[in-house]
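If you read the sequence shown in our numbering, its first letter stands for residue 1, the second for the next number, and so on.
For the record, the hints were derived by calculation from the structure and aren't laboratory data.
Wrong hints could be hidden among the right ones.
What the hints assert, rightly or not - Simulated crosslink set (BS3-like; lysine-lysine; CA at most 30 Å straight-line):
1) K56 to K364
2) K110 to K100
3) K159 to K259
4) K87 to K100
5) K100 to K345
6) K84 to K364
7) K202 to K110
8) K84 to K160
9) K56 to K279
10) K84 to K102
11) K357 to K345
12) K87 to K110
13) K185 to K159
14) K87 to K364
15) K56 to K236
16) K84 to K259
17) K279 to K87
18) K56 to K345
19) K102 to K185
20) K87 to K56
21) K259 to K160
22) K110 to K279
23) K102 to K236
24) K100 to K56
Stated by the list, open to error - Okay, the calculated beta carbon distance ranges per label pair:
25) R128 to V164: 14 to 22 Å
26) Y358 to E280: 47 to 55 Å
27) Q71 to K364: 45 to 53 Å
28) E129 to V261: 52 to 60 Å
29) A258 to L65: 46 to 54 Å
30) L192 to R125: 42 to 50 Å
31) F33 to T356: 29 to 37 Å
Source: prediction; values computed, not measured.
Ideal Cβ positions, reconstructed from N, Cα and C, are used throughout, including at glycine.
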Amino acid sequence: MGYDEFKFANNPAAAVESHVPTGAWMVIWVVVFLFAGLGAWAYLAEVEQTARGAGKVIPSTQTQLVENLEQGVISQILVAAGDKVVKGQVLVRTDDALAKAKLDELHQRKAALSAEFARLRAQARGDREFQMPSDATALDEPFYRDQIAVFNSDLQNRKKQNFVREQQLAQRRQALLEAEATQEKNNALLALRERELELSRKLNKSGALPELGLLSVERSVSELRSDVNILASAQKRLAAEVNEAGGLIEADEASDIAKIVERISQVNAELSVVNNALKEAEYRVGQTALRSPVNGVINRLNVSSLGEVVQAGTTIAEIVPTDDTLLIEARIRPQDIAFVRPGLKAVIRLTAYDYTKYGSLTGKVVRIGADTIQDENRETFYQIIISTSVEENPRLASDIQIIPGMVASVEILIGNRTVLEYLLKPVLKIRDSAFRDPR
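Construct the complete structure from the given sequences, taking the supplied hints into account.
Written out as structure tokens, the structure is:
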């Protein structure tokens with residue numbers, strides 16, 4: 001045995017070391033340190049754990065219908081299906097001739113009622129003159145002229161009626177005065193005849209006056225008493241007629257005032273109705289320019305040609321809202337739903353835009369379905385709603401246009417785990433299921 005053989009006989013490691021080049025040892029140590037570093041990194045480094053699903057963009061509010069309030073004729077079409085519109089933007093204009101004609105008619109009706117109301121108030125106050133107010137407009141003037149004519153005509157008719165009544169009253173008073181004067185004479189004559197009758201009876205008893213003469217005096221007294229009684233009755237009747245004639249004048253005035261007050265009430269009610277109708281008509285004239293009620297996209301436009309007649313209540317356009325808030329309806333598998341909860345951050349990638357160029361959107365989970373549902377392929381999933389907004393994604397306001405129905409892929413960040421846990425997961429699954437009889 002040589003010296004070298006004897007030297008390494010009892011130290012195999014030294015023998016190996018003596019035969020391995022120095023460069024090889026360096027490679028070995030680098031590999032050892034590399035694996036150690038990778039192990040430490042895998043143990044300490046964390047990656048995001050996500051639940052993935054597919055979804056689509058849905059409107060944040062219901063589809064808005066733009067309807068025509070009045071029958072009209074299309075005069076302008078300013079948008080087309082697919083156009084993006086903002087709240088208040090004019091979509092379609094209709095000819096407002098009919099609406100304006102209705103509005104003008106109501107203005108004239110109001111002017112006529114206002115003039116009549118002013119005339120009735122003047123008559124109720126007992127005014128002897130009615131004039132057009134200084135602030136009357138050109139629209140008011142013809143109606144005030146008509147009412148001034150009515151006022152003057154009524155005034156003349158009332159004067160004539162009062163004149164007739166007063167004439168009748170004067171005649172009855174004159175007849176009463178004449179009856180009173182006649183009665184006064186008859187009473188005086190009756191007193192004389194009764195004195196004559198008394199003397200005639202004495203003369204008849206003494207034989208100085210024959211019976212025939214006494215009968216003649218008695219007959220004269222009886223006739224005169226009858227005339228006095230008849231005239232007394234006539235006086236009562238004439239006095240009643242005088243009172244009646246005076247009452248008729250007052251009754252006529254009261255009746256006229258009652259009719260005026262009743263008409264004032266009617267005109268006031270009609271004015272209230274007309275004022276309400278005016279507000280509606282003014283609104284309808286403004287609605288000949290049909291505007292978008294929301295920010296959105298024209299989903300359907302139901303008119304296509306100028307001059308087209310549209311009926312009242314016709315749906316002109318359907319607008320899908322695209323407000324600052326954007327909602328994503330996503331489907332998550334039941335095995336991924338355990339750690340999904342409202343408020344978790346989500347990353348949305350729209351398939352219509354290359355995310356390497358346009359990037360992705362961020363949002364948060366706002367609602368999770370209470371139970372699983374099945375699609376037409378009988379696949380079970382949970383439906384969740386993710387919300388995103390312009391504040392979270394400023395590019396939504398300028399760079400890209402998102403409309404309901406766009407397809408998206410969704411990743412919900414449900415937590416973190418180390419790289420080592422990620423790598424060992426398949427091994428642990430195999431370990432848990434190994435050496436088991438699948439009976």
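Here's how the hints hold up against the structure:
1. K56 to K364: holds, 15 Å
2. K110 to K100: holds, 15 Å
3. K159 to K259: holds, 17 Å
4. K87 to K100: holds, 26 Å
5. K100 to K345: violated, 55 Å
6. K84 to K364: Between K84 and K364 the Cα gap is close to 26 Å, so the pair holds against 30 Å.
7. K202 to K110: Measuring from Cα to Cα gives roughly 92 Å; hence the hint is violated.
8. K84 to K160: Violated, because 75 Å separates the two Cα atoms, which is more than 30 Å.
9. K56 to K279: violated, 44 Å
10. K84 to K102: violated, 34 Å
11. K357 to K345: Status holds; Cα separation ~22 Å.
12. K87 to K110: violated, 35 Å
13. K185 to K159: Roughly 39 Å separates the two Cα atoms, so the pair is violated.
14. K87 to K364: At roughly 26 Å apart (the allowed maximum being 30 Å), K364 and K87 satisfy the hint.
15. K56 to K236: violated, 104 Å
16. K84 to K259: violated, 62 Å
17. K279 to K87: Holds, at about 23 Å.
18. K56 to K345: The given pair, whose Cα atoms are some 17 Å apart, holds under the 30 Å limit.
19. K102 to K185: violated, 78 Å
20. K87 to K56: Cα-Cα ~24 Å, so holds.
21. K259 to K160: Roughly 18 Å separates the two Cα atoms, so the pair holds.
22. K110 to K279: holds, 12 Å
23. K102 to K236: violated, 64 Å
24. K100 to K56: Violated. K100 to K56 sits at ~46 Å, over the 30 Å cutoff.
25. R128 to V164: 14 to 22 Å: holds, 19 Å
26. Y358 to E280: 47 to 55 Å: holds, 48 Å
27. Q71 to K364: 45 to 53 Å: Hint holds: Cβ distance 48 Å, inside 45 to 53 Å.
28. E129 to V261: 52 to 60 Å: violated, 20 Å
29. A258 to L65: 46 to 54 Å: Holds - the Cβ-Cβ distance for A258 and L65, about 53 Å, lies within 46 to 54 Å.
30. L192 to R125: 42 to 50 Å: violated, 60 Å
31. F33 to T356: 29 to 37 Å: holds, 36 Å
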